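Q: Each chain, written out:
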Amino acid sequence: MSKRVMSRLGVPLLVLALGLVAVGHAAATWDATPSVPVATTGSAAAAQAQAGHNQSIDFMGMLFVFMLASFIGLGVIRRVSRLLHTPLMSLTNAISAIAVVGSILVVGPSYPLEIRILGAIALFASMTNIVSGFLITDRMLKMFKTDSGKQAAGGKP
Amino acid sequence: MNAATVQLAYMVSTALFVFSLHWMNTPKTARRGVFAGVAAMLLGAVRK
Numbered sequence: 001m002s003k004r005v006m007s008r009l010g011v012p013l014l015v016l017a018l019g020l021v022a023v024g025h026a027a028a029t030w031d032a033t034p035s036v037p038v039a040t041t042g043s044a045a046a047a048q049a050q051a052g053h054n055q056s057i058d059f060m061g062m063l064f065v066f067m068l069a070s071f072i073g074l075g076v077i078r079r080v081s082r083l084l085h086t087p088l089m090s091l092t093n094a095i096s097a098i099a100v101v102g103s104i105l106v107v108g109p110s111y112p113l114e115i116r117i118l119g120a121i122a123l124f125a126s127m128t129n130i131v132s133g134f135l136i137t138d139r140m141l142k143m144f145k146t147d148s149g150k151q152a153a154g155g156k157p
Numbered sequence: 001m002n003a004a005t006v007q008l009a010y011m012v013s014t015a016l017f018v019f020s021l022h023w024m025n026t027p028k029t030a031r032r033g034v035f036a037g038v039a040a041m042l043l044g045a046v047r048k
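Sequences listed follow chains A and B, in order.
Straight run, no breaks: the first sequence in the working numbering ends on number 157.
Straight run, no breaks: the second sequence in the working numbering ends on number 48.
Among the hints, erroneous ones may be present.
Pair by pair, the computed Cβ-Cβ distance ranges are [said to hold, decoys possible]:
hint: 1; chain 1: B; residue 1: LYS28; chain 2: A; residue 2: ARG139; range: 16 to 24 Å
hint: 2; chain 1: A; residue 1: ASP58; chain 2: B; residue 2: ALA4; range: 26 to 34 Å
hint: 3; chain 1: B; residue 1: ALA4; chain 2: A; residue 2: MET62; range: 17 to 25 Å
hint: 4; chain 1: A; residue 1: ALA17; chain 2: B; residue 2: ARG32; range: 19 to 27 Å
hint: 5; chain 1: A; residue 1: GLY73; chain 2: B; residue 2: LEU42; range: 40 to 48 Å
hint: 6; chain 1: B; residue 1: ALA3; chain 2: A; residue 2: ALA125; range: 26 to 34 Å
hint: 7; chain 1: B; residue 1: LYS28; chain 2: A; residue 2: ILE115; range: 44 to 52 Å
hint: 8; chain 1: A; residue 1: MET67; chain 2: B; residue 2: ALA15; range: 30 to 38 Å
hint: 9; chain 1: B; residue 1: LEU43; chain 2: A; residue 2: PHE71; range: 40 to 48 Å
It should be emphasised that the hints constitute simulated quantities derived from the structure, not laboratory data.
Bear in mind that the values here come from a model prediction, so they are computed numbers and not experimental data.
Even for Gly, the Cβ is constructed at its ideal location relative to N, Cα and C.
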C-alpha cells in the first residue's frame, strides 16, 4: 500500500523538485538583473542588463511551457487501455522522429560538405523511422481488429 | 512561404500530434490516431 502510494507520487514529486530547482535558478538570475544600473544610456552595462532581463523572462516563459506540457502529457497518457500499450509506444516512437525537420535544415546548401553528408544520413535514418513506424502501428491495429474484434470493441480493462 | 504560415503549420502539427496520442487511448479511435499522426507528420515535414 505504502509502496504503491510512493510509486504513484514519485513522478510528480520529481517534476516538482526539478521545477523548484529551476525556479531557484530563475530567481537568482532575476535578482541579479536589476542591481545593474540602467541609468547610463547607451553603455554596454545597460545592454547587458536588458539582455539578462529578456533572457530571464524567456526562461520563465519556457518554464511555464514546460509545466503546461507536463500536465498535458500526464493527462494524455493516463488511463490508456491495456490493450493499446504497444501501439501507443510504437506511435510515440514514430512521431518522435519529427526531428527529421532538423536534418532537413542541416542538409541545406549553406553548410560544408561533411555536415551535409551527415545530415543526409540522419535524414535517411529518420525517414525510415517515420515511414516504418506508422506502417507498423497501422498493421498492429489491423491485427487487433481481425484477431480480437470483440475485445477491442467491447471492453476497456 | 512566409514565416507566419510556417509557424502556424507547426502549431497545427503539434496539436495533431497531441490529439494523435490522445486518440490512441481507446481502441475505438486508435486508427484515427494513426491517421492524425501521419497528417501531422506530413504537415510538419513537407513544407515548402
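Q: Now tell me if each hint is right for this structure.
A: Hints, one by one, checked against the model:
For the hinted restraint 16 to 24 Å between B:LYS28 and A:ARG139, the CB-CB distance of approximately 19 Å keeps it satisfied. Taking 26 to 34 Å as the suggested C-beta distance range, the pair A:ASP58 and B:ALA4 does not conform, at roughly 20 Å. Remark: the range hint 17 to 25 Å for B:ALA4 to A:MET62 is upheld by a beta-carbon distance near 22 Å. Between A:ALA17 and B:ARG32 the Cβ separation comes to about 37 Å, which falls outside the hinted range of 19 to 27 Å.
Our hint of 40 to 48 Å for A:GLY73 and B:LEU42 is violated, since their Cβ atoms are close to 23 Å apart. The hint said 26 to 34 Å for the Cβ distance between B:ALA3 and A:ALA125, and at roughly 28 Å that hint holds. Hint check: B:LYS28 to A:ILE115, Cβ distance near 46 Å, so the stated range 44 to 52 Å holds. Between A:MET67 and B:ALA15 the C-beta distance comes to about 18 Å, which lies outside the given range of 30 to 38 Å.
Distance hint check for B:LEU43 and A:PHE71: the Cβ-Cβ separation is about 25 Å, which falls outside the suggested range of 40 to 48 Å.
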